[in-house]
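**Student:** One-letter residues, chain by chain:
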Amino acid sequence: MLFKIVGSLVVILSCSFLGFILSRDCSRRPQQLRELQTQLQMFENQISYLSDVLIEAFERVSRVGNSETGLIFGKAAEILRDNGAQSAENAWEQAVRQCMRRTALNREDEEVLVGFGKMLGSTELDGQIKNIRLTMEALRMQEKKAEESRNKNETMYKSLGILGGIAVVIVLL
Amino acid sequence: MRNSAENSPNSSASSLKKHILPVLSKRVGSAIEGALIYGLEPLEEIRLRAEKPLILQNYYKEWFIGADGLLSSKPSGSFLVSQEDIRLSLEMMSENSIYAYQDEIRNGYITIKGGHRVGLSGRVVLEGGAVRNIKDISGLNIRLSNQIPGCSFKLLPYLFRNSSDIYNTLIISPPQCGKTTILRDIAKTLGTGASEYGFKGVKVGIIDERSELAACMKGIPQNDVGIRTDVLDGCPKNIGMPMMIRSMSPAVIITDEIGNDGDREAVQCVLNAGVRIVTSAHGYNISELKSRREVLKLIEDKVFERYVVLGNRNGPGTLVEVIDGSTMKPITGAGVNAF
Numbered sequence: 001m002l003f004k005i006v007g008s009l010v011v012i013l014s015c016s017f018l019g020f021i022l023s024r025d026c027s028r029r030p031q032q033l034r035e036l037q038t039q040l041q042m043f044e045n046q047i048s049y050l051s052d053v054l055i056e057a058f059e060r061v062s063r064v065g066n067s068e069t070g071l072i073f074g075k076a077a078e079i080l081r082d083n084g085a086q087s088a089e090n091a092w093e094q095a096v097r098q099c100m101r102r103t104a105l106n107r108e109d110e111e112v113l114v115g116f117g118k119m120l121g122s123t124e125l126d127g128q129i130k131n132i133r134l135t136m137e138a139l140r141m142q143e144k145k146a147e148e149s150r151n152k153n154e155t156m157y158k159s160l161g162i163l164g165g166i167a168v169v170i171v172l173l
Numbered sequence: 174m175r176n177s178a179e180n181s182p183n184s185s186a187s188s189l190k191k192h193i194l195p196v197l198s199k200r201v202g203s204a205i206e207g208a209l210i211y212g213l214e215p216l217e218e219i220r221l222r223a224e225k226p227l228i229l230q231n232y233y234k235e236w237f238i239g240a241d242g243l244l245s246s247k248p249s250g251s252f253l254v255s256q257e258d259i260r261l262s263l264e265m266m267s268e269n270s271i272y273a274y275q276d277e278i279r280n281g282y283i284t285i286k287g288g289h290r291v292g293l294s295g296r297v298v299l300e301g302g303a304v305r306n307i308k309d310i311s312g313l314n315i316r317l318s319n320q321i322p323g324c325s326f327k328l329l330p331y332l333f334r335n336s337s338d339i340y341n342t343l344i345i346s347p348p349q350c351g352k353t354t355i356l357r358d359i360a361k362t363l364g365t366g367a368s369e370y371g372f373k374g375v376k377v378g379i380i381d382e383r384s385e386l387a388a389c390m391k392g393i394p395q396n397d398v399g400i401r402t403d404v405l406d407g408c409p410k411n412i413g414m415p416m417m418i419r420s421m422s423p424a425v426i427i428t429d430e431i432g433n434d435g436d437r438e439a440v441q442c443v444l445n446a447g448v449r450i451v452t453s454a455h456g457y458n459i460s461e462l463k464s465r466r467e468v469l470k471l472i473e474d475k476v477f478e479r480y481v482v483l484g485n486r487n488g489p490g491t492l493v494e495v496i497d498g499s500t501m502k503p504i505t506g507a508g509v510n511a512f
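Residue numbers (the working numbering), protein chains in the order written: chain A, 1 to 173; chain B, 174 to 512.
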C-alpha cells in the first residue's frame, strides 16, 4: 500500500513538473519579443545619435544583455564583417534564419524580423527610423498575441500536468 | 614612372590594397589588382563611370585596362564599368550604412578609410531647393590621398617666426597640386617639432571638415599629424574653430579650403584669441583669389602674414612663390619642387 501511495505521488509530481516546464516555455516567447523591441530601440539610438555604421551598431546591441535575441545582432555583424561584399539585407536574413532555432520565437515572428532587413542600411536616417518603428510596432502586435496565448496555455499546461498525473494514477490503481 | 615612385616614399600602394580595393565591386577590384602588378604609382585617381571604361590616373597620364588585363593607353576595347559595379562599390564604401554617410552624400562626396575622398555624380534629389540626396549614382571618382613625409620642408623656413611661433599662412594652390598633402605635413611638423629648424612642437588644432587631413577612423587620426595635435573631425570650419579654441587651447589652428560664408568671423575669432592659423584656398595666384568675396575680406584685413603659392610645373607641390602679407612682395620665387 505504501509503495502504491509513494508511486502515485511520484507520477503526479513528475507530470505537474512537466506541465510547469511547458507553461514556462510559453512565457519565454513574449519575453523575447519584448527584448527584441528594447534592442531595436537601442539600435535606433546607435544609428541616429552616434551615427554608427551597421556593424558597429549590431555589435554594440548584441553585447548589451545576454539574451538569445541578441545573438541575431551578433551573428549579423559577424556575417557582414566576414564578407564585405554581401548586402546588409542578406546578412540579416541569414542571421535571423540561423539563430531562430535557439529562440522561442515562431514562424510569424521570424518573418517580421526578416522583413526588417529589407530596408536595412540602404536608405537615409529617416527611412531607417521609420523601418525600425514599423518593425517594433509589428513586434508589439506579436507580443500581444503571444501574451494572450500564454495566458491561455500557461494555466492549461499547469492544470493538464496535475490532472494528467492524477488520471494516470487512477488508471493504474 | 619607376623614378617617380622612388621619389615619393608614400604609402599609396599599400593604402590601395588595404583601403580601396576592398570597397570596390569584386569585378573592378580584381581587374585593378591584376593590372597594377606592373606598377602605376603614385596613383592619383580611379574613375568609375557607368558603361564607360575604367580610368586610372597618375600624375603623368591616364591608363585603361585592356582586354588582356594589363594596363593600356587606349580606351578602345578596354575594361568597362557597369552601373551594378558602381552600386555595389558605393554600398561597400558606405559600409552598408548609407544613413551614416547621408550628410556627406548631400555634399557630393564621401570619405573612406585611409582618408581617400570619393566624389559622386548622379541624379540629384531636391527638397526645398536644397540637395536631399543623390540617387542613381553613375560616376565615382576615387581620389587617393598620399601622405608624403617631409614634403613641406622647403617652405617651412618661411613660416617660422621664432622657435615656438609661426606666421599666419594661406596656402594658395590649384586643384591637384598637393594642397592638402602639404597642409597635413605642416600639421605634423608643427605638432611634433622640427629639430632641423630648431622649432619646438606646439599644440595644433585641426578642423577636419571633410576628414581628409587627418583621415580619422573612430576619432583616431590614421595619418600622422603630429604628437601635439588634436583633431575635430567632420566639423564645419566656422563652428569648429571657436569650439577648438575654447576646448583645447591650441597655439595653431590648421584647416583646409577656407572661403565659405562665416569663415571670416571664425578666423577673426582665432586671431583675437592670439592663436595662429594655417589654411589653404583654391586658386592659381593671389589676384584670382581676390575675386572671392570671403577670401578678399580676409586679405584686406591683412589676416595672413605669409602667402604660399603652389603650382605643378615640376610635379604636384611645386613652390611657386612665398609672399609677405604686409608688403605683398615676394620673399622667394624659385620654381623648386617642394616634394
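By construction, these hints were calculated from the structure, which means they are not laboratory data.
Even for Gly, the Cβ is constructed at its ideal location relative to N, Cα and C.
Some clues are possibly wrong.
[To be verified] Only some residues are given here: those of chain B computed to face chain A with a beta carbon under 8 Å:
| no. | residue |
| --- | --- |
| 1 | 192 |
| 2 | 268 |
| 3 | 273 |
| 4 | 306 |
[Unchecked claim] Below, computed lysine-lysine pairings styled on DSS-like, alpha-carbon distance capped at 27 Å:
| no. | chain 1 | residue 1 | chain 2 | residue 2 |
| --- | --- | --- | --- | --- |
| 5 | B | 199 | A | 118 |
| 6 | A | 130 | A | 144 |
| 7 | B | 199 | A | 75 |
| 8 | B | 327 | B | 376 |
| 9 | A | 75 | B | 286 |
| 10 | B | 470 | B | 502 |
| 11 | B | 308 | B | 327 |
| 12 | B | 286 | B | 247 |
| 13 | B | 308 | A | 75 |
| 14 | B | 234 | B | 191 |
| 15 | A | 158 | A | 75 |
| 16 | B | 247 | B | 308 |
| 17 | B | 308 | A | 130 |
| 18 | A | 152 | A | 130 |
| 19 | B | 286 | B | 308 |
| 20 | B | 191 | B | 327 |
| 21 | A | 4 | A | 144 |
| 22 | A | 118 | B | 308 |
| 23 | B | 308 | B | 199 |
| 24 | A | 75 | B | 191 |
| 25 | B | 373 | B | 286 |
**Student:** Hints first: check each against the structure and report whether it holds.
**Tutor:** Each hint, compared with the structure:
Because the beta carbon of residue 192 of chain B sits about 12 Å from the nearest beta carbon in chain A, more than 8 Å, this interface hint is broken. Proximity of residue 268 of chain B to chain A holds as hinted, the smallest CB-CB distance being about 4 Å (cut-off 8 Å). The beta carbon of residue 273 of chain B comes within 5 Å of a beta carbon in chain A, closer than 8 Å, and the hint placing it at the interface holds. For residue 306 of chain B, the interface hint holds, since its Cβ comes within 8 Å of a Cβ in chain A; the closest pair sits about 6 Å apart.
At roughly 23 Å between alpha-carbon atoms, residue 199 of chain B and residue 118 of chain A fall within 27 Å of each other, so this suggested pair holds. At roughly 21 Å between alpha-carbon atoms, residue 130 of chain A and residue 144 of chain A fall within 27 Å of each other, so this suggested pair holds. Simply put, residue 199 of chain B and residue 75 of chain A have alpha-carbon atoms about 24 Å apart, close enough for the 27 Å limit, and the pair holds. Of the pairs offered as hints, the one joining residue 327 of chain B and residue 376 of chain B holds, with about 22 Å between alpha carbons and a cut-off of 27 Å not exceeded.
At most 27 Å may separate the alpha-carbon atoms for a hinted pair to count; residue 75 of chain A and residue 286 of chain B meet this at roughly 24 Å. For the hint pairing residue 470 of chain B with residue 502 of chain B, the CA-to-CA distance comes to about 19 Å; that is within 27 Å, so the pair holds. Taking the CA atoms of residue 308 of chain B and residue 327 of chain B, the gap is about 44 Å. The hint is violated against a cut of 27 Å. The hinted pair formed by residue 286 of chain B and residue 247 of chain B fails the criterion: a straight-line CA distance of about 31 Å is larger than 27 Å.
Only pairs whose Cα atoms come within 27 Å are accepted, and residue 308 of chain B paired with residue 75 of chain A is rejected, the gap being roughly 30 Å. Annotation: proposed proximity of residue 234 of chain B to residue 191 of chain B holds, straight-line Cα distance about 24 Å (limit 27 Å). Pair hint residue 158 of chain A plus residue 75 of chain A does not hold up; C-alpha atoms about 36 Å apart against a cutoff of 27 Å. Proposed proximity of residue 247 of chain B and residue 308 of chain B is contradicted: the alpha carbons are some 31 Å apart, above 27 Å.
With a C-alpha separation of about 20 Å, the suggested pairing of residue 308 of chain B with residue 130 of chain A holds against the 27 Å cut-off. For a cut-off of 27 Å, the pair hint linking residue 152 of chain A to residue 130 of chain A is broken: about 33 Å separates their Cα positions. For the proposed pair residue 286 of chain B and residue 308 of chain B, the alpha carbon gap of about 22 Å is at most 27 Å, so the pair holds. With a CA separation close to 31 Å, the supplied pair residue 191 of chain B and residue 327 of chain B exceeds the 27 Å bound.
Restraint check for residue 4 of chain A and residue 144 of chain A: not satisfied, since their Cα atoms lie roughly 45 Å apart, outside the 27 Å limit. Proximity of residue 118 of chain A to residue 308 of chain B is assessed by CA-CA distance (about 18 Å); at most 27 Å being required, the pair is judged to hold. With a CA separation close to 22 Å, the supplied pair residue 308 of chain B and residue 199 of chain B stays within the 27 Å bound. Pair hint residue 75 of chain A plus residue 191 of chain B holds up; C-alpha atoms about 25 Å apart against a cutoff of 27 Å.
A hinted pair counts as satisfied when its Cα atoms are at most 27 Å apart, and residue 373 of chain B with residue 286 of chain B does not qualify at roughly 31 Å.
Checked against the numbered hints given earlier, this structure breaks hints 1, 11, 12, 13, 15, 16, 18, 20, 21, 25; the rest are met.
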